[in-house]
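A.B. asks: Turn these sequences into a full structure, and let the hints guide you.
4 protein chains.
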Amino acid sequence: MLSVGILGCGRIGQVHARSLRALDDARLVAVADAVPEAAAALAATSGAEVRSTDAILAANDIDAVVIGTPTDTHYDQIHKAAVAGKAIFCEKPVDLSTDRIRDCIAAVEAAGVPFMTAFNRRFDAHFAALQRRIRDGAIGEVEIVTILSRDPAPPPIAYIKSSGGLFRDMMIHDFDMARFLLGEEPVTVQAVGAALVDPAIGEAGDIDTAAVLLTTASGRICQISNSRRASYGYDQRVEVHGSKGLLRADNQLESTVELADAAGFRRAAAQYFFLERYSGAYLGEMAAFVGAVVEGSTPSPTILDGLRAQTLADAASLAHIEQRIVSLAAE
Amino acid sequence: MLSVGILGCGRIGQVHARSLRALDDARLVAVADAVPEAAAALAATSGAEVRSTDAILAANDIDAVVIGTPTDTHYDQIHKAAVAGKAIFCEKPVDLSTDRIRDCIAAVEAAGVPFMTAFNRRFDAHFAALQRRIRDGAIGEVEIVTILSRDPAPPPIAYIKSSGGLFRDMMIHDFDMARFLLGEEPVTVQAVGAALVDPAIGEAGDIDTAAVLLTTASGRICQISNSRRASYGYDQRVEVHGSKGLLRADNQLESTVELADAAGFRRAAAQYFFLERYSGAYLGEMAAFVGAVVEGSTPSPTILDGLRAQTLADAASLAHIEQRIVSLAAE
Amino acid sequence: MLSVGILGCGRIGQVHARSLRALDDARLVAVADAVPEAAAALAATSGAEVRSTDAILAANDIDAVVIGTPTDTHYDQIHKAAVAGKAIFCEKPVDLSTDRIRDCIAAVEAAGVPFMTAFNRRFDAHFAALQRRIRDGAIGEVEIVTILSRDPAPPPIAYIKSSGGLFRDMMIHDFDMARFLLGEEPVTVQAVGAALVDPAIGEAGDIDTAAVLLTTASGRICQISNSRRASYGYDQRVEVHGSKGLLRADNQLESTVELADAAGFRRAAAQYFFLERYSGAYLGEMAAFVGAVVEGSTPSPTILDGLRAQTLADAASLAHIEQRIVSLAAE
Amino acid sequence: MLSVGILGCGRIGQVHARSLRALDDARLVAVADAVPEAAAALAATSGAEVRSTDAILAANDIDAVVIGTPTDTHYDQIHKAAVAGKAIFCEKPVDLSTDRIRDCIAAVEAAGVPFMTAFNRRFDAHFAALQRRIRDGAIGEVEIVTILSRDPAPPPIAYIKSSGGLFRDMMIHDFDMARFLLGEEPVTVQAVGAALVDPAIGEAGDIDTAAVLLTTASGRICQISNSRRASYGYDQRVEVHGSKGLLRADNQLESTVELADAAGFRRAAAQYFFLERYSGAYLGEMAAFVGAVVEGSTPSPTILDGLRAQTLADAASLAHIEQRIVSLAAE
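Protein chains in written order, with my numbering: chain A, 1367 to 1697; chain B, 1367 to 1697; chain C, 1367 to 1697; chain D, 1367 to 1697.
Careful, some of the hints might be misleading.
Stated by the list, open to error - No farther apart than 27 Å at their CA atoms in a straight line, the calculated lysine-lysine pairs in the DSS-like style are these: (1) 1610(B) / 1527(C); (2) 1610(A) / 1458(D); (3) 1610(D) / 1527(A); (4) 1446(D) / 1458(D); (5) 1610(C) / 1527(B); (6) 1527(D) / 1610(D).
Hints in this document: simulated from the structure, not taken from any laboratory. Note that this is a predicted model, so its numbers are computed, not measured.
C.D. replies: Okay, structure coming up:
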């Protein structure tokens, strides 16, 4: 039984609280949030106590913390939690600066605490099954990975401004997925992008439509495309072309009902957004974290996975801004 | 908040316990089972007390009972629960005898207690969405309903022998679905069947493969087919042809992953069986029951729905045995 | 090289002329029609001569005749063609009377001429592939055959009146398909039907919506449903459930283009009607006929297949009218 | 009625001969080939005469020539045909050198003869329907075009060596499709590639796996990926993400038959290669050419379209070799 404290009671903190309730080997003990009402609300529905962040980090009755606070607070909390010997489950991105992530890695390694970076998509049943089949040899050697990822609607401009930009905020998930599926580290990064969805996003210095081209040392290729808008729901598709065949995972639709009439055959739109599409994945990642900590194995994805995705996001951003191919040094 | 007792701690009782745990407006207070170990096990994972069936039926701290015991015990428990003023959630079939179901109806009506017959498929998100779209006029008038329903594998022969036969045990769900989708009561029933899957089923006096043809007074048609075996998982499909179009709901597959190779494009098998396929429907039916009782509305499907499905099953059985068309009197 | 004459230059005669033009081992020599303009028009586009029906039947330079005239003329033409020693390709139905078909069988057998009944659907690439896979054991023993067949729109009332009724005019194709897929002769027939599409069809003494239930001696089941109207195009689907798996063939859509927007994912409607859907099948059946005659093998489907489908249509009609199960004697 | 001569009686010349036979407003008069047996064979099946190339180009009874000879002969034949006043239908690529294509453009413009570059995919019914729907506004403004194109198996190494390389030989079709769908000219080109399928292709100085990233002046993005090998058939997919929705066209499978068993739901492989997949497109492009010449309109795609696709292929090749982003000057 793992005793857990949640730092950050916003939307994602609430998701993790629900997951913890559903797990037999975890118990949510306390929650904290800079906004007292948010903490109180989550405490009420989850049966946990409200405590301060520092109290949670210092508590003897808490084995692990779930960090779901704003990105710029992760650094401090990771350091404190590591020193306090807590197992750490941290939302992505670990930090917008790879240097600071390296500091966190040092702190986590020095403390020897378990750490998991919350790349939820690896725990989606469909993507996980697809990756397992690659690993089991169903398509031979991986050659071309294609990732299409589109949000139903752009976030508020205020969010855009502090997001670190599309490559670091949105495509970060796809960079992790690329690494998950490629089976090799990318060594070159090319990127293009534009503000096609909303000029205000362009005025805020960001883009809303982008594509990236990655290569690995052995010549494997990955293509990623992103849009901040899709009229038909949250578009989350992956396909991998290998020497022996192709694997792909299509969208989850809102239902399997199909209507046929003079306009043709109509199926439902894709599930609206990440809370619907990845509800199972959120439960799965928490189960994996709790299970690993309880049994003493290493949780995955690791903090190094967090660093590598961030490195790719930085490279893509650089490639886009400087209009050049960015090569990544082997690490 | 509805306080609930579960009678019967087998597979389906466990499913309902899980559903109750997930609902905000219900609380599982006590469980009972003829096998003490079964009751103890469910109590342990659900946090409920073990009590005797009679103690649950007499308890002041229990508002509603979930009847998940063997079919032949339903009659007594319904009568006792009605007298005790409990809201009743009863597994299908209510009873294998329509006369005895009529007795239960009288008891329930006399007591004025809420009663819900657990036809879970009406709460499957896909079938429910399909039926809503019919009701909303998407395909005009219903003309032909086609229901294909196949289990992955037959039950043990011992189960077959006490099941009441395929029409009453398995196709009962499809009869309810037929009524749910037709929007009119069937008036004629034709049926054919054979033991094609396992001769032992035939020796036990039952069939494992069957088809039924229903008509309604206005000429609507329903075709149902059943098999006790499907190599590709639990086959649960419905389609409705109407004056303006067609609605259909396909199977839920184990994943959306598709593999393409020299053998073609392969998707996963259908979800294996009812616990997987209808996990959402089980939660949905319990939420509907609890919600209706808490807010004082009438739960649906009613006990009359239970009677009517059973009447169709009896008619199909008769049509098959006597090799004739059975007409149903208007009720 | 087979020299062919076409009797009947209507829509289906034109289809066969086009098929003959595309075949390397056939040559269309002459065409005949009761309406001179129709014959002249087909002669002009096909490069064939116009001759009288009798002249074609008597011609030394013609090896085979394609009978595409109205059903009530088939009987005479088959007899004359048989006497004249021509190979015969005859549109379905051979005749509306099974007694008269038996006469034709006698004439054809006495003359020893090749005869093919034009059940075009057996030559649809998809249905043919499906049947081949059954024959090759892909799904083990056939258990349940489901055939859904719907026209996009009803024919004119005048046509309905002389059609012999839905079972003989429309479902005749499905009866042949049932036999093609079941691998055993049906022994019982149950049927229901109504005029739901257009009351005028009911006033004309026919139905426009129907369903049939067939069984074979070993207990195999076939369900057929028909409608004279489908808003989404020509609905032609078949599925076969066997002891080891399921085979199904879905509709051919007008294109593979899919549009996703807020209304969901939309594919095209089904190909509109038989000329589009079965264009390949028409070519295939003529190729099979020509090939069989040229190489001296027996064309299939035979005239006996024509008789058996007609017998099933009669039985279904009787079952519907007399509201009873019709048993078919072994032949 | 257009009188046509075919230059080159190989595989593609035979395809065009078949198309001409099926068209009502064209007549194949003569064929020529450097290999006398090839010309004789095509003449025999098509009913055309064998003539020399020069005789065809000089003939008074020939209005148009179809150039299906090896690429390095196109230049001469185009010049001669233009001078002779023939309408010209020319296989892609017009030439491997854009300078020489510019010469051809000058010759064609000077002579004022109709010219069509045979980008057959524009005439595929599905891609054509997709592009029409873009043009009709179904998805608003085009934002991201994704083209996946994979051959079932690589060509012989000898072919590879004289092909001009993957970008000019294979991806040339996708560059034309990109222009067809983007609705704007690409202005930047990035490209990656490797020999993953067969090391011998790498030793021959070519690649067999590649991806390209294009942008247009307004920020539209196109991603193309190619492989010389796909175990599941000829993979030809296109999808276009726009401001209001998504359009995609999936592969044509060998049949619609689906088999369900313990391994899941299996559909057929994709149609094997271009002769199967684009049989309708070959007929369509010839019909478009003949129709345009007969009615005096301008055939499309034009020779300028041929030049532009070649320019993109050159740029991609350069981008790949020099590992840099290539910008295209406005033309």
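A.B. asks: Now, for every hint given, state plainly whether the structure supports it.
C.D. replies: Going down the list of hints, with the structure as the test:
About 25 Å separates the Cα atoms of residue 1610(B) and residue 1527(C), which keeps this hinted pair within 27 Å; it holds. Note on residue 1610(A) and residue 1458(D): the hinted pairing is violated, with a Cα-Cα distance of about 30 Å set against a maximum of 27 Å. Taking the CA atoms of residue 1610(D) and residue 1527(A), the gap is about 25 Å. The hint holds against a cut of 27 Å. A C-alpha spacing of about 18 Å is found between residue 1446(D) and residue 1458(D), which places the hinted pair at or below 27 Å, so the restraint holds.
Under the criterion of a C-alpha separation no larger than 27 Å, the hint pairing residue 1610(C) with residue 1527(B) is consistent with the structure, at around 25 Å. Of the pairs offered as hints, the one joining residue 1527(D) and residue 1610(D) is violated, with about 44 Å between alpha carbons and a cut-off of 27 Å exceeded.
In summary, the numbered hints that this structure violates are 2, 6.
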